[in-house]
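Trainee: Sequence:
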Amino acid sequence: MYRIGVDLGGTNIATGVIDENYKIIGRGKVKTRAPRPAEEIFDSIKEAVDMAVADAGISYDEIVSVGIGTPGSVNKDTGAIEFSNNLKFHNVPAKQMLEERLNKPVYLENDANAAALGEAVAGCGNGVKNFVAITLGTGVGSGIIIDGKIYRGSNFCGGEMGHMVINVDGIPCNCGRKGCWEKYASATALVSQAVEAMEGNRDSLLWKTCEGDLNKVDGKSIFDALDMGDAVAKAVVDKYLYYVSIGLANVINALQPEAVCIGGGISGQGEKILKPIREIVKAERYSVYADKQASILPAELGNDAGIIGAALLDE
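Residues 6 to 320 in our numbering are what the sequence shown lists, from first letter to last.
Since the hints were made in silico from the structure, they are not lab data.
Note that CB positions come from ideal geometry on N, CA and C, so glycine has one too.
Straight-line distance between alpha carbons at most 20 angstroms, and here's what the computed EDC-like set of lysine to aspartate or glutamate pairs gives:
1) Lys100 <-> Glu87
2) Lys28 <-> Glu320
3) Lys221 <-> Asp232
4) Lys109 <-> Glu45
Pair by pair, the computed Cβ-Cβ distance ranges are:
5) Met233 <-> Arg106: 47 to 55 angstroms
6) Lys34 <-> Gly273: 18 to 26 angstroms
7) Asp223 <-> Lys93: 24 to 32 angstroms
8) Gly153 <-> Asn220: 41 to 49 angstroms
9) Gly275 <-> Arg106: 35 to 43 angstroms
10) Tyr247 <-> Tyr156: 23 to 31 angstroms
11) Gly153 <-> Asn108: 27 to 35 angstroms
12) Asn308 <-> Ala288: 27 to 35 angstroms
Modelling step: build the complete structure from the supplied sequences, incorporating the hints.
Mentor: Structure (structure tokens):
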């Protein structure tokens, strides 16, 4: 028997048929084309599910459940997507509407939580009971696994680590507050910090790696300049990694997980960023056990984490 995982994003709907070994054996993908009515988006989910089943070469009767990771707040008691800014949903009875279309039990979860579950079970957190997954992207996404289960909090919004304040009266955040971690530690923040530094130094190799166009500054161009020995790029990256590490130290101090997984495109830099992060976290964390520290690891599943984690929501 097989399960289907759905990663419902603002741009794409990606689906996968998952076997008993947590491997994706069939895939589907369609455009989300949000915002549009929930009925239409759910019809597109059905289309992407059918594509994955056909790609896997199996019968739909062999599917036992469908799990869906969605941006926004999901009420696990009612099966409603209470709010999703990306999809422009408000109190949408998603579980009911999707079960009518899919004729299978449907399980819904916040997308960051689903990705954390995927990494915890089939990725870098395999075998770990207490685990945190952090994604450094447009913002800072996070999911918490405690005793092998997703932690959601009393209002299903637990684990929003990106909005932990690390700088009082700091940079204004889209949430309406100031100094949130994601304004300093997201990939977006890294680019902003680099652009600001470049504007004050026209000799930096950052101008070369972005071809003289500030709109082309991204993680790759920044780390390319760093690899070329550029002092400005080094200062930017060092400052950025400090902000990442301070937030991680707070997360570890609060939860004392066995492992923390770092995902997002920047995590592809591997030990170049992980080694200094570990060193800063070790210096900043609180622990009565000097020889014990949460492992800080790179994500292993990439974009498949959300699909695999969603498929496992029925367990």
